[in-house]
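Note that the protein sequences, when read in sequence, are chains L and X.
This note's numbering puts the first residue of the first sequence at 1, with every later residue one more than the last.
This note's numbering puts the first residue of the second sequence at 1001, with every later residue one more than the last.
Calculated from the structure, these hints are not laboratory results.
Among the hints, erroneous ones may be present.
[As the list claims (entries may be wrong)] Reference listing, derived: stretches of chain L covered by chain X, where coverage requires no fewer than 3 residues with Cβ under 8 angstroms from a Cβ of chain X:
1) 29-40
2) 48-57
3) 60-68
4) 71-79
[To be verified] Pair ranges (Cβ atoms, derived):
5) L/Arg107 - X/Ile1072: 46 to 54 angstroms
6) X/Val1458 - L/Val40: 50 to 58 angstroms
7) L/Asp42 - X/Ala1054: 29 to 37 angstroms
8) L/Asp92 - X/Ile1072: 35 to 43 angstroms
9) X/Ala1054 - L/Ala112: 38 to 46 angstroms
10) X/Val1037 - L/Gly75: 20 to 28 angstroms
11) X/Arg1067 - L/Ser97: 56 to 64 angstroms
12) L/Val40 - X/Val1037: 19 to 27 angstroms
Since the structure is predicted, the reported quantities are computational estimates derived from the model, not experimental observations.
Even glycine gets a Cβ: it sits at the ideal position worked out from N, Cα and C.
One-letter residues, chain by chain:
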Amino acid sequence: MAKNPEHRDLFPGALEVMILQSLRIKPMHGYALVKHIKQVSDNLLQVEEGSLYPALQRMLKEGWLESEIGVSAKGRPTRIYRLTDAGLRHLDEEVVSFEKMFDGITRVLAIARA
Amino acid sequence: MQWIKQLFNRRRRYDDLSVSIEEHLEEKIEELMEGGVSRRDAEQQARREFGNVALLRERSREVWQWRVLESILADLKLTFRRLRKSPGFAVTVLLTLAIGIGANTAVFSVINSVLLKPLRYPDSGRLVALWLNAPGANGMADFSNGLQLSPSMYFTFTERNQTFQSLGVWTSGTANVTGVAQPEQVRTKLISDGVLQTLAVPPSAGRWFTQADQDPHVAKTVILSYGYWQRRFGGDLSVIGRSIQVDAQTCEIVGVMPRNFKMVDQDFDLLAPLAFDRNNQKLAPFGYDGLGRLKPGISLAQADADLARLIPVWMDSWTNGPGTNPHYYETWRITPNFRLLKQQVIGNVSGVLWVVMGTVGLVMLIACTNVANLLLVRADARHQELAIRAALGAGRSRIARELLVESLSLGLTGGLLAVGVAYAGLRLLVAIGPADLPRLSEVSLDGRSLGFTLLLSVVSGLFFGSIPVFKYALGDASSTLLGTNRTASTSRARHRSRNVLVVAQVAMALVLLVSAVLMIRTFAALRNVEPGFTDPAHVQTMGIAIPELLEPDAQMVMHTQNNIADKIASIPGVTSVGFAGAVPMDNNDPNWDEMHVEGKSYVGGEPPLRLFNYVSPGYFKTMGTRIVAGSDFTWDDIYGLRMKVMVSENFARESWGSASAAIGKRVRQFKGPWREVIGVVQDVRQHGVDEAAPPTIYWPAMLNDPYTAQPTIDGPRSVTFAIRTNRAGNESFLRDVQQTVWAVNANLPLISAETMQDLYSHSLARTSFTLVMLAIAGSMALLLGLIGIYGVISYAVSQRTREIGIRLALGAQKSGLKWMFVRSALLLTAVGAVIGVGTAATLMQLMKSLLFGISPLDPFTYCTVPLVLAASAALASYLPARRAAAIDPVEALRSE
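Same shape as in the complex, but just chain X (with noise of 0.2 angstroms):
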C-alpha cells in the first residue's frame, strides 16, 4: 500500500521542495550580493545557473506522479468541464446511454438468470428430464412434456437401469387441507421415491420419504414447503410430527423443505408420497413426469441407450389386463429422448428471449449512432482548435487520447445511471411477472450483469468515440487546417462519416419496424382466431374437487355437482353455468384414449386416440360454444345414463363428412358399448389459440367405467364450472360463489378461479410479450432515427447557409432549395432501407417459430415499412430545409 501513503504524502513533498528551491535561491542570491553585485543582477544569475524553476519544479514533482494517469485524470476534468457547459449535449447523450444501456442490462440479467445460470440444485448438470418421444401416440405425448411416464415403467426404469445414479417420477395435484382453520385448497407435488434423492437439496427440518413412506398400506406422510409452513404454522419447528387432514385422510408432517425449494420449476405446498401400489399396476396411465441424476461421467446419450433397451422389458413385465396386448404400444414408437432439467425448465423460452435481446441490441446500436452523430458534430466544431494543435506538435495519440476519454467517461457515466434503470426495469418485469417466464423469481442483477454492464459501457464508448477520432485525430491535419469553411460549402468527405451512420440507422430502425410489424399482425391473426368460446371476459372459472374420502359415492358427487351448479345459477347477475372436466387453455386434459367409430376399420386395427372432455348440461352454452347440430345432454341424460355422447366438428367431418351426418351414428371407447352422438360442437382450441383444435369426444359428467366389468357409476371427481356473468372476476362475487359452495359443502375450496378471459390471454402471453418489447424497441428506433435524420439535414443546412445565400441571391427557388434537403434526405433513407429490407429478410427467419399465420416474408410488412420510414425520413428533413429556404439571402451571406 506503499502507493497510498504516497498519494497522502505528495502535498507534504511538494511543499518541501518549494521550500528547498526558494531556499537555495535566496541564499545563492545573498552570497552573490555579499560578494558585490547588485540584487537584480545577483537574481538573474542564480536564476540562470539554476536553470528553468518551473520546469524543474515539475520535473521534481513528476517523481511523485504517474504521470500517465494523471494527465488523463486531467483530460477527465476537461472532459467533464466541457459537458457541464453544454448540458443539453450531456442530458441527451446521458439518457439516451442509460436507456439504452440499462435495456440491454435488463434483458441480460433476464437471460443470465433464466437461461445461463445453472439450476439451484447441487450439482445440477446431471438432473435429466425424462423425456419420452412417441410419434405413435398422438395427443398424448404434446410438444411440452413428450409422453408420460407410467407407473409400471417408473418401476422397470428404477429398479432395471444402469446408468441413473437414482430417478423418480411426480405429478402435480391439488388438495383439500381441513383441521387447520379455514378448509384450504393448497397446491401438492406427489413424488415417487428417488425424486428427493436425485434433487438432492436436504430438508430445512425433519426428513426426506423414506422408502417406508412409499408404501401405500402404512399411514400418510406429508412434507411443507417452507411457504406454506410460515404461512400456516408461523414457522413453528414443533409441526415435525403434527398431523393434519389432507383430502380427509390423517398425515403426519415429517419435515419441511427450505426456502426457495422449487419442485424443477413450480412451488407447491405440499410434498406427498405418490405410494403406487406395486402389485397393482398396468402399462398405462401414462401421466407421471420423470426425473432423474445420471451416475457422474454418463452422457444423455448413453442413459437414452440403457433406458431404450428397457422399453421392450417394461411391456414384456406388464400387462393392461387380460386379453389386452402388451406390445400394442409398439405403435407408439416410444423413444427416449432425455434432456437437461434445465433445458426442460427453460422450454422454448429461449427463443423470445434472444430475440428480445437482439432487438434491445439493436437498438443500442442505433442509440450508439447517435450519440456518435452527436460526438461528430461536437468535434466538427473544435476541428479548428484540433488541427491548430496538431499543427503544434501535438502528437495523433495524444488527441485520440483526449476524443476517447471523452466518449468513454460518457459511456462509463452511461452505464452507471443504466444499472439504475435496469434495477427498475427487473422490479417491474418481477412484478408484471410474465406468466411463461420460467425461474422468474431467480432473475437479479448479479456480478455477471454488472460486468455486462461494464463492458457494454466501454465498448459503446469506444465505438462512438472512435468514429470522431478516426475522423479528426487520425485524418490528414494539414488539410483540415488549409480548408476552412469560411468560403468553402460542405465537401463530400466531410459529411461521408454522418451520412454513412444514418444510412445504419435507417437500415436497422427498419429491421426492429419490420419485425414488430410481424409481431402485430401475428397477433392480429391469433386475436381473428375463434378459440370456440364466446366474450370470455364474462366466463368465470373455477375448480371444486370433492375427494374419494369426503364423498365415496360416484353418484352423490354428480348430486353434489349438479347442486352446486344449481345454487350458483340463482345468484344474482347470473346468466348460466356449466361444469366440464376441463375448460379450454386450463392445461388440463381429462384424458385420451381410443375411440372407434362404428363401421369403421383402422389402419393396423387400432383408432387413434382422442381427447375426452366430461360435461354438464348447459355447459357449452355457458361457454359460448356453438352447437352445430344436434342437441345438448339433458340431466335426465345424465342420471338415467344413457348412452349418448357429443363430438366436435373436426371429429364429425374426419368420421362421417359432415357435422349434420354425424347426429345419429355411434361409437365407443375402448371396449364399452356403443353409445349415440346427439350433438357436435363448434371446435374448441383446448391447448391454446396457435394450436390447431384437438378433435374431442365430450361424455357426459357421469357415465358407466368402461374399463370395468361390472357396471360401475364413475365420473370428474375434478371439475371446472364456467359461470356466464357480468361479475365475473368480481372479488365480491367470487365469495357469493364461495359462500354458495360452503352452503351445500362446508369443506370445499375454490381453486384457481380465474375469468375465461385470463386463460385466454395467458394463451397469448408470449406473443403479447414479444410484441410489446418489439413494439417498443420498433418505436424507440423510428425516434432514435428519425433525430439522426433530423440531425444531419439540419447540421447540412447550417453549414450551407452561405451557399444557401448565394443560391437564393442568383434566384434559386424557395421549393428548389427545400426539395434539395429533402431528396438528400430520402437518398439516405432509401439506402438504409434497401440494406434495411435484405437484413430483415434473412433475420426474420430466426424468428419464424414465433409466427403465426404469416409468412417472415410478408409483402404487406415489407411495402408499408419501408413507405412508412420515408415518409417520416422526408417530414424529419422537411422542418430544417423548411428553415433553410427562409433564410434571408442577405443575413446568410454576412453570416460566418
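Next up, chain L with everything else stripped away, as it sits in the complex (with noise of 0.2 angstroms):
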C-alpha cells in the first residue's frame, strides 16, 4: 500500500488545474479529457493515462466537479464531467497561485542568468 498517492503530476496540483481548465472550455468525458490534454500540453504530460481517475474521484469529492450520465464519441454510454462554480472560484485562486509561482521562479532565473 502507497503512504502517498500524489506523485502523478510534473508538480503537485498541475494536473487538477489542467483538468479544471479543459473542463472550463466544455463539459467532457474521461478519455476525451486525456485526448485534450495531451493535445494542448504538446504531450508534456509524460503521465498514465489512468491517473486521470483518481484525481477526478478527488475532485468530485471536493465539489469541483459534478458527473452525469452521458455518451462517448462513439455512442455508448460513459460519465461526462462539469465543472461547478465551486470548481471554478478553485481554479480561478489556482491560477493566481500558479502565476504568482511563475512569477517568481522567472524572476530567480533571470537573476541567476544575469
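Reconstruct the complex from the two isolated chains, following the hints.
Next up, the structure:
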C-alpha cells in the first residue's frame, strides 16, 4: 500500500489545474479529457492516462466537478464531467497562485542568468 | 451529515468509475484499431498507456473511503470468520468474558447505586445525620446510631444553632389504623418540625406539616406515603382533608408524599408529627434520630463546633426533675460527630461491597489470563503464518493491529453479553433482597454502569490481547521463521509467558480461596456462638401493641396480654408461650438505665447503664434460655407487683462473683425501692451473634414506675410474643394466632411476625452474603486456575510429542515421564502459591472487620489452601501427563 498517492504530476496541483481548465471550455468524458490535455500540452505531461481517474474522484469529492450520465464519441454510455461554480472559483485561485509562482521562478532564473 | 450521503452514494460512484474506465479503454482501443493495429496489440497498448487498471481503480475508490477504518473493518470480518471456524474457542472465551464482565458490572452497579450516587433529596450534599459520640454512656450510644437525641436537645439545637438551615428529629414506630377495612398495623415515622424542611421534598398532594401541627394540644394530622395512599385509598386525591383513626385517635390527612420518598432509607406508611410538649421536657430520654441541612458553605467541623458549644447550654436549660444533677451528663462526654446523611445510610456496608468488588475483579483477572492463554495458543498455531507475513513486509503495527482487533472484538462481544448477565444478576439480587443492603430499591444499570462495562471490555480486550502481540507481532520475526518446531523441542522462551500467566492465576486463586476459607471459618465461629436461645426455627415471634387510647389502664393491658398468651397456648401444636419487651436480635432495646447493686460503690458515684427487658413468666422457657440459678417469675409475682427481678449471668458474675451468689441479693433502678434477685439466666446475644451479650436486667412485665413519686403501675404496651411450636412460620398457624388475638380484642393486628430463625439469620446476613460471594468467587477462581494449569500442561504435551517419542524409544520409564509433567505443574503452582500467600496475608488485613473469632493470618487456612491447590494442580496436570505416557513412540516420531 503506497503511503502517498500524490506522485502523479509534474508538480502538485498541475494535473488538477489542467483538468479544471479543460472542463472550463466544455464538459467532457474521461478519454476526451486525456486527449485534450495531451493535445494542448503538446505531450508535455508524461503521466499514465489512468492517473486521471483518482484525480477526478478527488475533485468530485471536493465538489469542484459534477458527473452525469452521457454518451462517448463512439455512442456508448459513459460519464461526462462538468465544472461546478466551486470548481471555477478554485481554478481562478489556483491560476493566480500559479502565476505568482511562475513569476517568482522567472525572476529567480533571471537573476541566476545575469 | 455529508459522510452518510457519501456512504450511500459510494456504490454509484464505483459504478460511474467502472463505466468511465471501461469506455476510456474501449474508445482508445477502437481508435488504435482504426489506425490499423490488430485488436490484441491495441488492447495491450491501451492498457500500457493507461497504467495498472486494478491499482488505479483501487486508488480512485479510496478517495471515497476512510482507509484505516475500512481496513480495520476488513480485519473484523476476518476475525469473525475465524471465530466462526472455531466455535469451541469462541464460546469458551465469550462465556468466560460474559460472566466475568457481567459479575463486575453487576457489583459495580450496586456500588454505584449504593455508595456513589447522591441520596434522592435536593442538594443532598448538605444533609447531615446529627450523630453524637458519648463514650461515657455505655450501651446507650451504639455503633450504628451513636447517642440519639432527646427532645430537649432538639429544642436547644434548633433554637440556638448558627450553622443549620433547618434540623429536626424523628423516630420510627407502628400504629394501628382502624376504621378503614380491617384493623391494620402500619409503619409510622414520627417527625418534628424541621424534618420535612431539611429533606426538602415537596408533597405530591396536600401540604407538609406546619408548626401548628406540632402543637400537642390541637387536632392531629398525618401525611400518607405514596405506597400507602395507593394501597389503601387507591390513589384518590379526595383523601386530603379526610380523617382516619390512628391508634384510636382521629387524624386528618393533610398530604401525600411522592413516590420513592423515603425517610432517610426507610419505607413507611404514615408520617405523623412528634408534637413534643415544650413545657414538659426533661434532659432525657435519648431516643430520636437527628438530621439537619447545613447552611451553604458550612463544613461538618463547623457544625460540630457550633453544637458542641450548645451541649452545656442544653444542660443548663433543662433538668431531669428536682434533686437531680443536670450536669450528670458531663460523665457521658457527649460530643457532636456529625456525618453526611449518605454515610449514615450506607453504614458499614461499604467494606463488604468493596471486598466483593475486589473479589470479582480478581476473578476477572484470572478469567483474562485464561483467555490470554487461549489466545497465545491460537497465535502460536499461526506463528508460521505471522512470521511469513512479517517477512513479506507486513508492518509490525499491521500484525499487532490484527491481533488486537481480534481480542478487542472478543472483549466487546463479551461485554455486550455481559450486560445481559449483569441485568439478570441485579434482578436476582433485588429479588433476593439482602436485608442489610441499604438503598436496594435504587440499584439499577445506568449510564455509568454501562460506561464501566465498556471500559472493562476494552481494557480486558487490550490486556489479554497485548500478551500475544508482544510475543508475536513485536518479537523478532526472523527467529520465529527459522526456529520452526519441526525438529526442535519447545524452547524455554516459547513457554515463558504462558508459565507466568499460570503462576499469576495460581497466586490470585490462592488469595480468593484464602478469603473464602476465612469467611467460612468466620461463619462457623458465629454458628458456634451460643446465642442464648435454642432451636430458633421453632419459635414464632410477633408483636402486639395496645395503644393508650384503646386501653388506658396498665393493669388491664397486662390482663389482655396474659389472656392472649393463655389463648395462644391452647392452639394445637403450641408447647409454650411467653412475651417480653424485646426478643433477641430484633433491633429493639426496651430501656437502658442505671442499676444500683446493694452495698456497692461506684466510680464517680453513678453506676453504669444496663440494658433492661420486661418479661412474662414462661418467656425464658419458650425461648430456650437456660435459668442458671434461682427460678422464673410466676403470674402471682406479676399481679402481686412483688419486688423481684432476674438478671443475666454476666451481670451476676460481675456484681457478686457467681450466678448462685446472686440469688437473694438486692438491686434497684434509679431511686426506686430495692428488689430481690430471684433468678439468673444465661447470657443472651441481644444485639446479634457477633456482638457480646450485654449484661441485662429482666423486670417483671408489670411493675411500679420507679420515676413517679406515687406508686403508678406501668408495663410495656408493645410486647413481642414468643411461641414455641413446630408450626412456626406456617401461614395457617399465623391465621390461627390472628384469630385468637382478635377473639380477645378485634382491634389488635399482629406486628412483624417472624420466626427466631429469621432474626438469627438476619444477624448473620452480612457474613453469609460475603461468604456466599467469596465462596462463588473462590470456586470460580479455583476452576479457572485448574483449567489454566491443565491447558498449559496439555499444550506442552502436544508440543513435545516427538520428544516424548524419542525418550520412550530410548527407554524412558512411563512413570518418569508422567512425573516430569506433573513436576513442572507443581513447580508453577509452588511459585504461584508463595506469591499468593504473601499477597493474601497483606490483603486480608483489609478484611479484618468482616472476620469474627479468627485471625486474618489463621494458620489452618494458610496451610490447607496451598495444599488443596497443589493437590488439584497435580490432578489437573496428571491427565495430560498420562496421555503423554500413553503415546506410542512410533506414532509420535511420525507425527508432525
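How the hints compare with the structure:
1. 29-40: Three-residue rule met by the segment 29-40 of chain L, so holds; n is 4.
2. 48-57: holds (count 8)
3. 60-68: Check passed, 3 qualifying residues.
4. 71-79: Result for this restraint: holds, n = 7.
5. L/Arg107 - X/Ile1072: 46 to 54 angstroms: holds, 49 angstroms
6. X/Val1458 - L/Val40: 50 to 58 angstroms: holds, 56 angstroms
7. L/Asp42 - X/Ala1054: 29 to 37 angstroms: holds, 31 angstroms
8. L/Asp92 - X/Ile1072: 35 to 43 angstroms: holds, 40 angstroms
9. X/Ala1054 - L/Ala112: 38 to 46 angstroms: Since X/Ala1054 and L/Ala112 have Cβ atoms about 45 angstroms apart, the given range 38 to 46 angstroms holds.
10. X/Val1037 - L/Gly75: 20 to 28 angstroms: With a Cβ separation near 21 angstroms, X/Val1037 and L/Gly75 satisfy 20 to 28 angstroms, so the hint holds.
11. X/Arg1067 - L/Ser97: 56 to 64 angstroms: The hinted range 56 to 64 angstroms is violated for X/Arg1067 and L/Ser97, with Cβ atoms some 29 angstroms apart.
12. L/Val40 - X/Val1037: 19 to 27 angstroms: With Cβ atoms ~25 angstroms apart, the hint holds.
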